[in-house]
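Undergrad: For reference, the chains in residue letters:
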Amino acid sequence: MITVVLPSHLRTLAHVSGDVQLEVGGQATQRSILDALEARYPMLRGTIRDQVTQERRPFLRFFACEEDVTHEPPDAPLPDAVASGAEPFFILGAIAGG
Amino acid sequence: MSSVRVLVGTRKGAFVLTSDAKRKHWDISGPHFAGWEIYHVKGSPVDPNRLYASQSTGWFGQLIQRSNDGGKSWEPVGNKFAYDGIPGTHQWYDGTPHPWEFKRVWHLEPSLADPDTVYAGAEDAALFRSIDGGQTWEELSGLRGHGSGPSWQPGAGGMCLHTIILDPSHPDRMFIAISAAGAFRTDDAGKTWKPINRGLRSEHIPNPTAEVGHCVHHIAMHRSRPDVLFMQKHWDVMRSDNAGDSWQEVSGNLPTDFGFAIDVHAHEPETIFVVPIKSDSEHYPPDGKLRVYRSTAGGNEWEALTKGLPQRDCYVNVLRDAMATDALDSCGVYFGTTGGQVYASADAGDNWTPIVRDLPAVLSVEVQTLP
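Protein chains in written order, with our numbering: chain A, 1 to 98; chain B, 1 to 371.
The shape of chain B in the complex, shown without the other chains (with noise of 0.2 Å):
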């Protein structure tokens, strides 16, 4: 019988929660590695027990913890993050050139064919590849160098690469995103890179429709439609049918076309989830009511969902890597808080349960499904 196994990173520890397809009981394990901030924990897709996990602390830096038995015990592998040749610099929020300096991994990407490889995006802005299964680490720098670098500026959370998506139709291609550059795609495996940015407008920026500069917060994809991109940008919702070459709005009917998290219908491709947050300074739902929106035509039509979430005083933040959806037959999807609450809803987001309700505030949440 399948089960569920979602993997929760908070600012404490990480948690690996399990249960049957009914998704009704959980088992709840942790914290593993108390008192880190794990920012992301994410399983292959080859092998669903090697997990990785991004682990740190303003005190003792970076590590990456390795698991091949689905988390119930840990190892640390690599974590020598070494920027290629003389990193350079980046603009800083006042604008004058930075030093590239290394300070976290956001988020971790396993290869879609091999247990051993796997990809960390890093702020300040970069992305690694390992192949030894996370003990050593290369950087792709022809992300870094591909020109646009030294422009590049830090979003409030820090210029981030947060966004990792590996093409399964196209080994070679992959897509990534960085606050505040935008979206950046390969068609060479990593080797060369182009920003994937036309179509968007950002207010805020000198040049509203710059070709870098934008502060993209999350994208998601459906694996049988790659070339169909969903994006949540600082302000918008956005899409792409072409792989990134242009962008259209689709925030439609949205209360505030601002938030963090997008996600995709496992069966469905053109069925996305959102949470729409307030902005720009507050990042709590509006009203105080915490409501996913999800469109079944791909955007600009959106429904209110409702069922089993706070719908008066509420007023934590879904963060861009905490919502995740199974591949049951009945999808089900997932996401986290600030305020330590795991929702679950078995039946594509129309009821809600909390799985758990009082971790730590919620950084990111992955979900496997397992045979």
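One chain only, chain A, in its complex shape (with noise of 0.2 Å):
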């Protein structure tokens, strides 16, 4: 099981109220997470990368095990303890403020 952690706007969409645990069929990595993300929750398709040319949202961040992970490749494997689940791997809007 991989732990998810989206950003509160997009757990509203998703009506869940906390982390989202995930079967990921083969190896953890984003593309995987977010393919499995989007067969459970429909209503995320679009939100986290585009729909028509598949990629990250500018204004979105991946982080797993504290390291930023955005700018990886998307089918490069993600650490050990996010496949573990002992991680969790997080999504995260940019703050933005003044």
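Don't read these hints as lab results, they were simulated from the structure.
Selected chain A positions facing chain B (in silico; Cβ < 7 Å):
| # | residue |
| --- | --- |
| 1 | T47 |
| 2 | R57 |
| 3 | F59 |
| 4 | G93 |
Heads up, the beta-carbon is just placed ideally off N, CA and C, and yes, glycines get one too.
Make one complex out of these two single chains by using the hints.
TA: Dropping the structure here:
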């Protein structure tokens, strides 16, 4: 089981109150996690990555094991701790403020 | 007894305001989709409880929400807006080619005949249609591909298709407007389009009478006379009596002919309303006085409507989709401001009261008259 932490707006949209637990087939990568996430919560399609280009939305970032993995290739394996569920995969929205 | 439902889109959510036909006491529901920009909410004329809402943010992109119970509950539907074929380029602000990129939906126009058919006006400018209640969207690419697309250029708010008008007498006829390309018409249900900008004059573009390139802000039509169109352009209020084939200026005695919103009285097709705004850069009412102007002659002669509206220190804007009318016997007129007020008049503009004063900046106002 992989744990995904969503930004609050996406938790509201997906009707979940906390972290999301996902079964991910095959290797844990950004793409496989997002594929599994969107399959289970279709209302999230297009909110994290563009539906046409599949590009990550520019104000979102991905973190794992306290590392920014945003710019890693989408099919690059994520750390074992994420794959095992020991550490979550974070999807973070940029914080805008003054 | 009849009632009225006002659908308000704001920078931080949607609100639904309801009243009986007296229009004195209002219930306010919302915010729906709190924190998201709601560019537009509109109901189906066939099934008034079927609503569509355009929900977006810079973080999470575009969603379309649908309600089947008049806005009490909502469900997200399809949000895949893919341009047909290779999108090509339009002009950027500096005149260089820029790829077409989908950004958001500005306007949703439900069909006059089928609650599951709805049109979406997008930025970068394109027209999409869904025939399955918003689940899937298909571009009507004849508009973008009719020839002048590569020369279109964004207005200050982006290159948005913001106005969609369906002709009740000619089911295959549709009007749309794009900032800053102009107005276009199809007579074959969106397969082919032609620019309808003859008579428009825009001094700020290289050729002031060009076929395309005009910053049309909004167009309104009375359903009993679909060949008569009223337009608020960047500058100038215009009218056409031949379905857009030609336009004449009817700004007349307005204090400024700049503005965004324009609408038509529900029962008097020659009575129209605008909100003059000071420009080019201020974008607030002249002299700090919020005034709706009404013409009962289809333009040229205008009277200021001020009762109940702030007449000092008012520096809000009224955006292009933020005015609407109801169809009760005494026509109600409604508009929202960037200061978060929604004003209503139950007597065609003679007297105004705020329904609500402190919403987020209002982007759009639509009204449903319910049996």
